[in-house]
Amino acid sequence: MKPKESMPKIVIYEQKCKGCELCVITCPKKNLRLGQKINKKGYHYIEIVDLEKCNSCGLCYQVCPDVAIEIWKDK
Amino acid sequence: MKKVYCKPESMTDIEHKYCPGCGHGLVHRLVAEVIDELGVRERTIGIAPVGCAVFAYDYWNFDVTEAPHGRPPAVATGIKRVLPDRIVFTYQGDGDLAAIGMAETVHAANRGENITVIFINNAIYGMTTGQMAPTTLLGMKTTTTPFGRDKNLAGYPIKVCELLATLAGTAYLERCAVNNVKNIINTKKAIKKAFEMQKENKGYSLIEVLSQCPPNWGLSLKESLKFVQEDMTKQFPLGVIKDIYA
Amino acid sequence: MKKLMKGNEALGEGAIKAGCAAYFGYPITPQNELTEYMSKRMLEEKRVFLQSESELAAINMVLGASAAGVKAMTSSSSPGISLKQEGLSYMAGCELPALIVNVQRGGPGLGNIAGSQADYFQATKGGGHGDYHLIVLAPSSVQEMFEMPAQAFALAEKYRNPVMILADGVVGQILEPMEEVKVDSTYHGDRSWVLDGCQGRAPRKIRSLLMEEGALEEHNIKLQKKYKVIKEQEQRCQKQNTEKADIILVAYGTSARVCYSAMLAARKKGLSVGLLRPLTLWPFPVKAIAELTGTAKAFLTVEMSAGQMVEDVKLAVNGRKPVHFYGRAGGGMPTEEEILKEIEKI
Numbered sequence: 001m002k003p004k005e006s007m008p009k010i011v012i013y014e015q016k017c018k019g020c021e022l023c024v025i026t027c028p029k030k031n032l033r034l035g036q037k038i039n040k041k042g043y044h045y046i047e048i049v050d051l052e053k054c055n056s057c058g059l060c061y062q063v064c065p066d067v068a069i070e071i072w073k074d075k
Numbered sequence: 001m002k003k004v005y006c007k008p009e010s011m012t013d014i015e016h017k018y019c020p021g022c023g024h025g026l027v028h029r030l031v032a033e034v035i036d037e038l039g040v041r042e043r044t045i046g047i048a049p050v051g052c053a054v055f056a057y058d059y060w061n062f063d064v065t066e067a068p069h070g071r072p073p074a075v076a077t078g079i080k081r082v083l084p085d086r087i088v089f090t091y092q093g094d095g096d097l098a099a100i101g102m103a104e105t106v107h108a109a110n111r112g113e114n115i116t117v118i119f120i121n122n123a124i125y126g127m128t129t130g131q132m133a134p135t136t137l138l139g140m141k142t143t144t145t146p147f148g149r150d151k152n153l154a155g156y157p158i159k160v161c162e163l164l165a166t167l168a169g170t171a172y173l174e175r176c177a178v179n180n181v182k183n184i185i186n187t188k189k190a191i192k193k194a195f196e197m198q199k200e201n202k203g204y205s206l207i208e209v210l211s212q213c214p215p216n217w218g219l220s221l222k223e224s225l226k227f228v229q230e231d232m233t234k235q236f237p238l239g240v241i242k243d244i245y246a
Numbered sequence: 001m002k003k004l005m006k007g008n009e010a011l012g013e014g015a016i017k018a019g020c021a022a023y024f025g026y027p028i029t030p031q032n033e034l035t036e037y038m039s040k041r042m043l044e045e046k047r048v049f050l051q052s053e054s055e056l057a058a059i060n061m062v063l064g065a066s067a068a069g070v071k072a073m074t075s076s077s078s079p080g081i082s083l084k085q086e087g088l089s090y091m092a093g094c095e096l097p098a099l100i101v102n103v104q105r106g107g108p109g110l111g112n113i114a115g116s117q118a119d120y121f122q123a124t125k126g127g128g129h130g131d132y133h134l135i136v137l138a139p140s141s142v143q144e145m146f147e148m149p150a151q152a153f154a155l156a157e158k159y160r161n162p163v164m165i166l167a168d169g170v171v172g173q174i175l176e177p178m179e180e181v182k183v184d185s186t187y188h189g190d191r192s193w194v195l196d197g198c199q200g201r202a203p204r205k206i207r208s209l210l211m212e213e214g215a216l217e218e219h220n221i222k223l224q225k226k227y228k229v230i231k232e233q234e235q236r237c238q239k240q241n242t243e244k245a246d247i248i249l250v251a252y253g254t255s256a257r258v259c260y261s262a263m264l265a266a267r268k269k270g271l272s273v274g275l276l277r278p279l280t281l282w283p284f285p286v287k288a289i290a291e292l293t294g295t296a297k298a299f300l301t302v303e304m305s306a307g308q309m310v311e312d313v314k315l316a317v318n319g320r321k322p323v324h325f326y327g328r329a330g331g332g333m334p335t336e337e338e339i340l341k342e343i344e345k346i
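Protein chains in written order, with the numbering used here: chain A, 1 to 75; chain B, 1 to 246; chain C, 1 to 346.
One thing to keep in mind: the hints can contain errors.
Stated by the list, open to error - Restricting the straight-line Cα-Cα distance to at most 27 Å, the calculated cross-link-like pairs of lysine-lysine (DSS-like) are:
1) B:Lys199 to C:Lys239
2) A:Lys53 to A:Lys29
3) B:Lys7 to A:Lys30
4) A:Lys41 to B:Lys7
5) B:Lys17 to B:Lys182
6) C:Lys244 to C:Lys341
7) A:Lys73 to B:Lys7
8) B:Lys7 to A:Lys29
9) B:Lys3 to A:Lys73
10) A:Lys73 to B:Lys2
11) B:Lys222 to B:Lys7
12) A:Lys37 to B:Lys222
13) C:Lys46 to B:Lys202
14) A:Lys30 to B:Lys2
15) A:Lys29 to B:Lys182
16) C:Lys239 to C:Lys182
17) B:Lys7 to C:Lys205
18) B:Lys17 to A:Lys53
19) A:Lys30 to B:Lys226
20) B:Lys199 to B:Lys7
21) B:Lys199 to C:Lys205
22) B:Lys234 to B:Lys189
23) A:Lys73 to B:Lys192
Keep in mind the hints are simulated off the structure, nothing from the lab.
Start from the sequences and build out the full structure, keeping to the hints where you can.
What follows is the structure in structure tokens.
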């Protein structure tokens with residue numbers, strides 16, 4: 001899964017997410033939230049609020065216990 | 001576009017069985033990142049405990065063996081003594097390491113085995129659903145201390161790093177936490193240092209990680225993070241407890 | 001050239017000659033000479049020796065060394081062997097080869113330090129939790145103490161199963177002339193499971209925990225198939241004067257030594273007596289005993305216990321002929337005269 005060129009991006013592996021919200025409370029831009037949809041394990045999983053606002057700082061990756069987040073950045 | 005943060009090679013794609021917000025997955029990833037960064041994945045052998053992390057061998061992408069409850073330090077000793085050029089580490093919880101396995105822990109440390117021990121202290125037995133651990137705080141309610149841990153009935157929480165610091169065989173002991181970004185980054189630094197020391201044959205190291213267990217503590221995630229920060233660190237202060245090379 | 005050696009030391013030298021790369025042990029009488037011998041010889045050979053903090057630790061160090069793909073062993077005596085049962089169950093579940101030596105002493109509990117054969121049930125029926133078996137060998141001389149480690153390692157590696165040498169305090173302590181014959185030191189069987197770092201291959205895991213639906217049952221079926229093959233192919237025993245003998249003595253280890261003298265004395269008196277000595281206690285030499293039920297009139301099992309192996313003799317005889325028992329428990333040793341008297345009673 002490769003995000004579009006030159007767009008700071010976050011990839012959320014929704015099946016790995018357990019909706020613990022560690023990333024939600026950590027994101028400095030308050031740019032993550034728990035979504036309405038449920039994954040196959042039965043958890044609501046997180047989603048990004050505004051992709052444009054994400055600056056790929058990676059703090060959400062740092063705190064994720066389930067390696068459910070991947071961060072891409074412009075070179 | 002370039003991937004800047006992603007699953008380390010030393011982790012598999014298997015989804016963790018841990019509860020939401022649990023610190024185990026975090027520490028698994030930190031260990032995996034360190035092993036990747038040191039380039040030792042193909043010569044690492046891990047030892048999984050009995051407890052919540054019993055399935056750790058599914059999550060790591062290198063050789064891993066199970067061990068009977070509390071015996072990882074003895075198993076690690078057996079492996080390291082016959083394969084001294086491999087990187088050997090144990091990953092143990094508080095019940096495994098400080099209750100049933102205390103003898104193995106103390107003696108592997110005292111022999112100065114050139115191994116790394118990753119010790120998850122969440123002050124409770126997670127897998128068996130919330131009984132008292134040797135590190136349970138005084139007054140803390142668990143399913144076997146329903147009125148709170150009473151020192152007259154169950155003694156005191158054990159400070160593992162401080163205990164092991166008295167042994168001449170230990171080289172590096174640090175206590176960290178994974179309740180916020182700063183502490184997580186620090187934990188990774190400590191784990192990396194411990195593995196580097198093993199690589200350089202510098203002896204026994206143990207990294208104690210204070211970790212949240214929201215469901216068994218009966219707390220929300222936010223309350224759990226606060227409990228680590230305010231209550232656990234009071235009993236178990238963070239920082240380097242011993243470093244003979246400092 | 002023959003030399004004089006103590007049983008425990010001969011076993012140590014035999015293990016070294018068999019290629020044992022790592023020894024882990026904890027002191028307990030009457031097997032201390034073995035640990036002490038290894039503490040010197042293993043270091044001379046630049047191999048691994050470690051005095052562990054407990055028998056629990058020792059067996060788990062063996063588990064680790066075995067997982068890492070080397071010939072590893074531990075030794076102890078009865079109370080210490082009880083402590084090793086946890087590790088043995090795990091090793092049987094994980095299918096890890098290793099050598100465990102039990103120089104038996106009197107029990108139950110702390111018992112005494114005299115030779116005994118009261119750990120037969122524990123050794124041959126599993127010992128720890130779960131449906132499993134150890135392969136069990138029974139030496140009765142210093143020569144066999146020297147030769148059996150190589151056989152034990154070969155069986156352990158061939159079947160990926162822990163093997164126990166079930167000796168006793170007497171055979172461990174006696175001094176006897178023995179010959180350092182050449183023994184096999186190669187590593188037998190495949191090594192596709194060894195944990196030595198995943199360089200150039202996929203990572204491996206060793207585990208006995210099988211939580212997936214049906215996985216543990218499937219694993220047990222696989223283990224039982226292996227045990228069946230072992231039972232069919234590895235029954236070993238020594239027969240002396242058993243052909244056409246009326247009375248067959250069945251005894252192993254030190255008891256078999258006394259039975260041998262009793263048999264000779266009985267034959268001098270004109271009694272038709274033979275001796276069958278199991279070399280493997282598990283698998284038990286069922287076939288050899290069953291065959292003798294055609295010609296023998298009765299069996300007499302002699303043990304340094306209250307009667308343990310006799311149950312397996314009865315199963316092998318399967319009611320076709322009477323099976324008698326004579327034993328001394330608590331570290332007592334049957335004498336030639338006592339056995340002769342029992343023979344004459346039949």
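Each hint, compared with the structure:
1. Distance hint between Lys199 (chain B) and Lys239 (chain C) is unfulfilled; the C-alpha atoms sit about 57 Å from each other, more than 27 Å.
2. In summary, the hint linking Lys53 (chain A) to Lys29 (chain A) is supported, as the alpha carbons are separated by about 8 Å, within the 27 Å threshold.
3. The straight-line distance between the Cα atoms of Lys7 (chain B) and Lys30 (chain A) is roughly 23 Å, inside the 27 Å bound, and the hint therefore holds.
4. The hinted pair formed by Lys41 (chain A) and Lys7 (chain B) meets the criterion: a straight-line CA distance of about 20 Å does not exceed 27 Å.
5. Simply put, Lys17 (chain B) and Lys182 (chain B) have alpha-carbon atoms about 25 Å apart, close enough for the 27 Å limit, and the pair holds.
6. For the proposed pair Lys244 (chain C) and Lys341 (chain C), the alpha carbon gap of about 21 Å is at most 27 Å, so the pair holds.
7. Among the hinted pairs, Lys73 (chain A) with Lys7 (chain B) is consistent with the structure: their alpha-carbon atoms are about 15 Å apart, no more than 27 Å.
8. At most 27 Å may separate the alpha-carbon atoms for a hinted pair to count; Lys7 (chain B) and Lys29 (chain A) meet this at roughly 23 Å.
9. About 6 Å separates the Cα atoms of Lys3 (chain B) and Lys73 (chain A), which keeps this hinted pair within 27 Å; it holds.
10. At roughly 5 Å between alpha-carbon atoms, Lys73 (chain A) and Lys2 (chain B) fall within 27 Å of each other, so this suggested pair holds.
11. As the CA atoms of Lys222 (chain B) and Lys7 (chain B) are separated by approximately 25 Å, the hinted pair is consistent with the 27 Å bound.
12. Of the supplied pair hints, the one linking Lys37 (chain A) and Lys222 (chain B) holds, its CA atoms being roughly 23 Å apart against a limit of 27 Å.
13. Between Lys46 (chain C) and Lys202 (chain B), the direct Cα distance comes to roughly 22 Å. Compliance with the 27 Å bound is thereby established for this hinted pair.
14. This hinted pair checks out: Lys30 (chain A) and Lys2 (chain B) have alpha carbons roughly 23 Å apart, not beyond 27 Å.
15. At roughly 17 Å between alpha-carbon atoms, Lys29 (chain A) and Lys182 (chain B) fall within 27 Å of each other, so this suggested pair holds.
16. Under the criterion of a C-alpha separation no larger than 27 Å, the hint pairing Lys239 (chain C) with Lys182 (chain C) is consistent with the structure, at around 24 Å.
17. Restraint check for Lys7 (chain B) and Lys205 (chain C): satisfied, since their Cα atoms lie roughly 20 Å apart, inside the 27 Å limit.
18. For the hint linking Lys17 (chain B) to Lys53 (chain A), the alpha-carbon distance of about 32 Å lies beyond 27 Å, and the restraint is violated.
19. A hinted pair counts as satisfied when its Cα atoms are at most 27 Å apart, and Lys30 (chain A) with Lys226 (chain B) qualifies at roughly 20 Å.
20. Of the supplied pair hints, the one linking Lys199 (chain B) and Lys7 (chain B) holds, its CA atoms being roughly 23 Å apart against a limit of 27 Å.
21. Restraint check for Lys199 (chain B) and Lys205 (chain C): satisfied, since their Cα atoms lie roughly 22 Å apart, inside the 27 Å limit.
22. Straight-line distance between C-alpha atoms of Lys234 (chain B) and Lys189 (chain B) comes to about 22 Å, which keeps the hinted pair within the 27 Å bound.
23. Distance hint between Lys73 (chain A) and Lys192 (chain B) is fulfilled; the C-alpha atoms sit about 25 Å from each other, no more than 27 Å.
The structure does not agree with the numbered hints 1 and 18 stated previously, though it agrees with the rest.
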